[in-house]
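**Q** Below, each chain spelled out in residue letters.
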Amino acid sequence: MIDTLYIEQAIATHPRVREIGLRFPSANQVMCERYGAVFNRKSQNFRLQKKNPSLILADKFDNHVLETPEGYGIGGRNNYYFAHMLNCIYDCRYCFLQGMYRSAHYVLFVNYDEFFSAMDAKLMAHDGEDVWFFSGYDCDSLALDPLTGFAEHLLSYLETRPHAMVELRTKSTQIRALLGQAPLSNVIVAFSLTPEPAAVALEHKAPSVAKRINAMTQLAQNGWRLGLRFDPLLDDVRFEEHYQSLFRDIFDRIDPACIHSITIGPFRMPGSFFSNVVRLYPDEPLLAGSFANRDGLITYPKEREAAMLAFCLDELRVHVSGDKIFSCAVDGRDTVRADTESINLGFRSSSH
Amino acid sequence: MFLVVALQAEAQPLITHFGLRCESPMGMFRIYRSESMALVVSGVGKSLSAAATGYLCGCSDGWRNAPWINIGIAGHRNVDVGELIVANKIVDQSTAHSWYPPQLVSNVVNSTLITVDKPEESYPERAAYDMEAAGFFPSATRCSTGELVQSIKVISDNPHQSIASLNARSIEQLITKNLSEIEQFINRLSELSIEIKVLPHNGSLPESWAKRWSFSVTQGHRLRRLLQRWKVLIGDGETLDSVLGACKDGAAVLTALEARLNAEKPTYRRSLLVGPRASSLPDVQSQ
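Protein chains in written order, with my numbering: chain A, 1 to 352; chain B, 1001 to 1287.
With the rest of the complex left out, here is chain B:
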């Protein structure tokens, strides 16, 4: 779970609530972490938001297809101060470019979110106004699938309550009041991310395999798919050693695995694997 937040005042309630700790030494941006979450404080503006998103990705593992959320405050013409909105359309006012974060979480208030270069005080459209989302979204969707990249904003100002009245304390209060809703949203995205974290994208083959046989890059890709198939079709019902014991090189391993899998009789059945599946490859003993 990765959070991108513009201001320290927006970040502080999240840091406290989720028990995040500041990383040292500090680099380009300040990063806070727990085992399951990382937060970067980007500073104000879409360029900094895009840069901080990239920086956090570069400094982290497990970023692919993880939830990436931009959390902060925004103004809105029609929504009360203190309400939480999820952006279903992000517009970069300076370029008129739009993005449409797919909305899979039900029972949230959605709004168009317009990213402006200077604070918007006249709220010309029925939309929320912020200064980061149009930088964050295209950057974060290079790390993860769009469904898991979301901007959620607490409304901090509107035509009845000026942006000029905001200070660090009031911003912290606005975020704090919405922590429960923010956490629910985060949890929902986490559940969705588990569903697609099936492939060990950066996984390397077990060390014992590398010692025993060598595989080219192409063979490695093929091997991973064969092992996935093994997990689905055969599972723990048979050991890989029984099939691979006599193999002398990587090519023979692939041939033997494929032959064994292709001999498996097809049956109509649903996938039985649940949860964070196939995070590891089936093991084989080294000789």
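Isolated chain A, as found in the complex:
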């Protein structure tokens, strides 16, 4: 439920804004000049706002599509990311967004067509080559889709662009838009997963792991290609047992042939974001744990991280071939076994 809807004055009459406004007839509508005046203000507390986030409807002027950090990818050469939304309806305690943004309000950029134009420009720049676009870095790609309808527009756009490869990253079970149409070979629906006890403890408001696996099963049955994202890997005294159980639960239900790619990434967060999150949640056991600062990035101690990655790699290769597995480790090429060739460095933060 949204109590307050902030709307940029310039897009007040945009059809999508009107449509969303109608979905929240009792919400207070507050006009603002630019979304930053609400979203980027100092003196805001992410933790408090998470209790009742507002929705900000905005127009994105530029930087619709950005290059991913060097080395990030799942096998492609040309990698970009975009975010039609900022922030997420879930409240995962390890998420970097809570350390990156001052506000927990959701920002929805309503000018979808300009995202697609920017994607077209990248396709032109890499004429004839596959270009990867990662969605769901600054938000969950599907969680608010019943409200935004973004997936439907994106899928329609992708139908005629076979070289535009898109990853939709999600913890959501909002897959109606996908099930309502024929699968697209240039779309990967990538689910973020942690062992159930971690999800219960840390992924507040997110669907259970069982529900996510259920959604994946339905998508696979309908011909959609799936991604598995074990990012961040979270340590526990029974780490091996929990991850073994998670992998077993997944591959008991999902045919490995439906899996396009798997990424594994240990917990990592820029130091400044981590400090912000600790300030917000000093009472959080996860954040009180043992971490190292490696060149400004907060991670598990190097040896422990390497052990966690190696274990998961070994376990996953029981189910799928190594060339489908990618690492987001800070120094992935050093810490993960040399015989896994298709390893990439990841985003500088764990995904959410």
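Possibly wrong hints are sitting among the right ones.
Unchecked claim - Below, in silico cross-link-like pairs of lysine-lysine (DSS-like), each with a Cα-Cα straight-line distance of 27 Å or less:
1. 205(A) / 50(A)
2. 60(A) / 42(A)
3. 122(A) / 324(A)
4. 324(A) / 211(A)
5. 50(A) / 211(A)
6. 302(A) / 1211(B)
7. 1248(B) / 50(A)
8. 1231(B) / 1248(B)
9. 122(A) / 60(A)
10. 302(A) / 1265(B)
11. 211(A) / 51(A)
12. 1231(B) / 50(A)
13. 1231(B) / 51(A)
14. 1231(B) / 1197(B)
15. 51(A) / 205(A)
16. 42(A) / 1197(B)
17. 1248(B) / 1211(B)
18. 51(A) / 1197(B)
19. 50(A) / 60(A)
20. 1231(B) / 1265(B)
21. 1197(B) / 205(A)
22. 324(A) / 302(A)
23. 1231(B) / 1211(B)
Said to hold, decoys possible - Which stretches of chain B does chain A cover? Using the computed rule of at least three CB atoms under 8 Å from a CB of chain A, they are:
24. 1091-1102
25. 1141-1148
26. 1182-1196
27. 1218-1229
28. 1256-1265
Everything labelled a hint here was simulated from the structure, so no lab data went into it. For clarity, every value in this text was computed on a predicted model and none was experimentally measured. Note that beta-carbon positions come from the ideal geometry of N, C-alpha and C, so glycine has one too.
We have chain A already, so just place chain B on it with the hints.
**A** Just chain B, lined up with the frame of chain A:
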């Protein structure tokens, strides 16, 4: 809880209801207090409101991340006299600068609030009009987080009921009629403030520690975080003396604490601490 009110007539019902007592001697502004609340009477206008907010902060403890509320009367083009509104946008008419107090309390009537330099009698916009909020809000958000800084106004005049008809008695009545709603709002903000009053911001280390070991400022910051971690990961299950007993100086304390905490096995679990947490640091006996 800190209240900033322009007029004595607006303040009086609050002073009576919350059992506040006037502080003496009086300084720049008149301040009333109870154990849990302080109220300042600022006078009319945004400059005085900003000044009084700063003054109250300077004269008080516990102001950081506490609720700060500006309470008063306002005119409105479309709202009935006697209704209570919470400002979700504050506009300084003279500069066109806007602020957006985040709205976390549900089931209240919200409105844009325009702060004017002279009383507004024609109500040109669908908004409330006051003379203080644009001074109060930027000043109070230097003391507390925006979610806890709010302006609530009782509508005192509109196109059908002129501002000219207001006097001290009618203003007191308007506030009095809304005391229950005002108190509910105050209580809700207090609950929210408890959630984030986790860190002892101005806390000093226990005296016994200062006698035994000395810590630089940087070491003090590190120590506080280590003690937070101790509280979360180990709690009362083990005494600090068992780890720190042999430490000869501050650096050794930090090393020993860190080593002990890093040896703790990670487990997936939720935070179990509730309420006004970690308001004190774990104690250690002095030698």
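**Q** Of the numbered hints stated previously, which ones are contradicted by the structure, given in increasing order?
**A** 6, 7
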